[in-house]
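Required output: the full structure, derived from the provided sequences and hints.
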Amino acid sequence: MDALNSLFHGFAVILTPTNFLLMVIGITLGVLIGVLPGLGGANGVAILLPLTFSMSPTSAIIMLSCLYWGALFGGAITSVLFNIPGEPWSVATTFDGYPMAQKGRAGEALTAAFTSSFVGAFVAVVMITFLAPLVAKFALRFGAPEFFAVYLLTFCSFVGMGKGSPMKILASMALGFALACVGMDTVTGQLRMTFGFEELMRGFDFLIAVIGLFGIGEILLSMEEGLAFSGKSAKINPTVVLQTWKQLPKFWVTSLRSAVVGIWMGITPGGATPASFMSYGLAKKISKSGPKFGTGEIEGVVAPETAAHAAGTAALLPMLALGIPGSPTAAVLLGGLLIWGLQPGPLLFTEQHDFVWGLVASMYLGNLVGLAVVLTTVPLFASILRIPFAIIAPVIIVICGIGAYTVNNAMFDIWLMLVFGLVGYLFKKLDYPLAPLVLALVLGRNAEDAFRQAMLSSQGDVSIMFSNGLVGSITALALLLLFWPLISKIIAKIRPPKVDEFAAERPVD
Amino acid sequence: MDQNSESGGIRTGVPTYMVDAVVAAVLLALGLLVTVSSWKLGATWTSDGPGSGYFPFGIGIIICISGGGTLFQALFGKKKNTEIFVDNEQVRRVLQVFIPAIFYVAGIAVFGVYIASAVYIAAFMIWLGKFSPLKAVIAALAVNVTFFFMFEIWFQVPLYKGVLDPLSFLGY
Chain A
3 MDALNSLFHG FAVILTPTNF LLMVIGITLG VLIGVLPGLG GANGVAILLP
53 LTFSMSPTSA IIMLSCLYWG ALFGGAITSV LFNIPGEPWS VATTFDGYPM
103 AQKGRAGEAL TAAFTSSFVG AFVAVVMITF LAPLVAKFAL RFGAPEFFAV
153 YLLTFCSFVG MGKGSPMKIL ASMALGFALA CVGMDTVTGQ LRMTFGFEEL
203 MRGFDFLIAV IGLFGIGEIL LSMEEGLAFS GKSAKINPTV VLQTWKQLPK
253 FWVTSLRSAV VGIWMGITPG GATPASFMSY GLAKKISKSG PKFGTGEIEG
303 VVAPETAAHA AGTAALLPML ALGIPGSPTA AVLLGGLLIW GLQPGPLLFT
353 EQHDFVWGLV ASMYLGNLVG LAVVLTTVPL FASILRIPFA IIAPVIIVIC
403 GIGAYTVNNA MFDIWLMLVF GLVGYLFKKL DYPLAPLVLA LVLGRNAEDA
453 FRQAMLSSQG DVSIMFSNGL VGSITALALL LLFWPLISKI IAKIRPPKVD
503 EFAAERPVD
Chain B
4 MDQNSESGGI RTGVPTYMVD AVVAAVLLAL GLLVTVSSWK LGATWTSDGP
54 GSGYFPFGIG IIICISGGGT LFQALFGKKK NTEIFVDNEQ VRRVLQVFIP
104 AIFYVAGIAV FGVYIASAVY IAAFMIWLGK FSPLKAVIAA LAVNVTFFFM
154 FEIWFQVPLY KGVLDPLSFL GY
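First to last, the sequence lines map onto chains A and B.
Per this note's numbering, the very first residue in the first sequence carries number 3; after that it's consecutive.
Per this note's numbering, the very first residue in the second sequence carries number 4; after that it's consecutive.
These aren't lab readings, by the way, just hints derived from the structure by calculation.
Here the structure is a predicted model, which means the values were calculated and not measured.
We treat Cβ as the ideally placed atom computed from N, Cα and C, and that holds for glycine.
Any given hint might turn out to be false.
[As the list claims (entries may be wrong)] In silico DSS-like links for lysine-lysine, alpha-carbon gap of 25 Å or less:
no.	chain 1	residue 1	chain 2	residue 2
1	B	Lys81	A	Lys491
2	A	Lys491	A	Lys165
3	A	Lys495	B	Lys83
4	A	Lys294	A	Lys105
5	B	Lys83	A	Lys165
6	B	Lys43	A	Lys430
[Unchecked claim] In silico contact screen, one side only, chain A against chain B (beta carbon under 10 Å); selected entries:
no.	residue
7	Leu177
8	Val184
9	Leu250
10	Ala442
Put into structure tokens, the structure is as follows:
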């Protein structure tokens, strides 16, 4: 059992007082940013990333990944108590979580949400523990064409599985790639698309884009709705927790199914949001209490939360094993790896043994600590939402500004952040998805390098993408997904499809 | 969307498809810009492999196609979205945040992060939050003193002090 040995080694790495403290800080901050509007997992990690440059990579990733788990937990609090999803992936949690809170069962709903989050994440981590080394070993055989094919698959699956106009998904993605091209071309040394502006020579930093698009954009959106929180209060005491835990084993089938859905959607870059909706929909269809969903069923909280956490966690598998993140937050973490001087990809497992297994071990422990932290501190975090928006909004903008500045110590970046904020606001309102843009911006250079190397080795012949069975099948799958919107239209003509009943509620992620 | 009922009365403003079309047109223009500038860089096969503009040229084409496609759908599509994009009240609220933010960033450039942030938070609380000036000033100072300790002392990440550097007497 190689994986188990490595895992115990990982536990030995992380169980130092400093790392444990960083873990708790990460979780607490994570829950906080998950609760606050305008600060989510992706830009929370983006803002804190510059502060970790002086830490060892292992400590840094422990803190930032714990921030991510915390944000996943935190989204549930606002969904249940305030009917405001703190994160897009907790929209589905509001369907049954808020009705439960209205009936005075908020404590139960929150316990169920947190516990199933933990279960989802746990199943996904177990999967990562045993699957990631195998995937990495397999990926060692990859050459440039294979890597480009995987990049292609990643981006095409946005088009094939995303919600909303395929044209807009494509536009958002290509815009990300174009922004990634700006600056010095690493191969030829030529300046690209800087148009004589000195500030553009550094190119567009994805951290600035993330902080602007998600942070400022979100604040503008919240402001437009004229936010007034009116929440239910929650009391969680050990009796409620124990009573809820007694009920939960009944739903083991739902949990398991949701975890599997989540893991699948997390590995493929479907992401946590579609996973939670798909799992909720499946549970509603299959479960005996399905017709009562939406009126405050525990099972309706269990299903989306398990899937969202499983997806959020599983998104780290392709990031670690292939260097291709499955979600925007994973993309920011991947950018962090590059900044810390680690090359993500299959070699990470052999060269950075401590780092990888420290991270995996911290996923186990982080989620456990997270569960304990959220169960004990819910009233505290709920009270944060009672702070008037007129205080929270300027403070969040200040934090975003500081975060943007610390990336490169450049004043220009703060202006850029404001521009990205406006873009984020417009794109969100017009249903352009932001995740493909961020992923393309992070991966743009790598994808381009892989493409160039592939083209070089074939002397510009595109047929290298089909030169052997492996690269051919990945490319074919990618193309299938790219044209899926067209194909599904043709299928729909022949056979009328079933109506997706949650289509309207699901946000474009 | 049920915002119609919220704001009361008739919502006036630009219909969504117009905004959609404008954004798509901007994308189309950006795509053309990317395509043309990469063509100039050398989007073809050079003696030592693909030129600098090889990859961005393709990307530019994709932006053009998707921007053009969205533009066409927005203007001539079957399901034209005539819902109001934002009403005047919403524009006002958004600008209430965005315009002060512009002044705030300009303030950072001159007075540095800490001073600008303190003024910004206090002003925001007084004008938009209708807080008493005393409370606002206390909150603004508390937040910024915390930030100062966090960044300058604990994390040792110096933040921008502005052109005038009014806090230079502190020695950081």
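Hint-by-hint comparison with the structure:
1. With a C-alpha separation of about 16 Å, the suggested pairing of Lys81 (chain B) with Lys491 (chain A) holds against the 25 Å cut-off.
2. Distance restraint check for Lys491 (chain A) and Lys165 (chain A): the Cα-Cα separation of roughly 14 Å lies within the 25 Å cut-off, and the hinted pair is therefore satisfied.
3. At most 25 Å may separate the alpha-carbon atoms for a hinted pair to count; Lys495 (chain A) and Lys83 (chain B) meet this at roughly 22 Å.
4. Only pairs whose Cα atoms come within 25 Å are accepted, and Lys294 (chain A) paired with Lys105 (chain A) is accepted, the gap being roughly 15 Å.
5. The hinted pair formed by Lys83 (chain B) and Lys165 (chain A) meets the criterion: a straight-line CA distance of about 18 Å does not exceed 25 Å.
6. Only pairs whose Cα atoms come within 25 Å are accepted, and Lys43 (chain B) paired with Lys430 (chain A) is rejected, the gap being roughly 33 Å.
7. For Leu177 (chain A), the suggested interface contact is upheld, since its CB lies about 6 Å from the closest CB of chain B, less than 10 Å.
8. Here the hint on Val184 (chain A) is kept, as its CB sits about 9 Å from the closest CB of chain B, short of 10 Å.
9. A cut of 10 Å between beta carbons decides the hint on Leu250 (chain A): the least distance to chain B is about 35 Å, and the hint is violated.
10. Interface hint at Ala442 (chain A): satisfied, since its Cβ lies 9 Å from the closest Cβ of chain B, which is below the 10 Å cut-off.
In this structure, the hints that do not hold are numbers 6, 9, in rising order.
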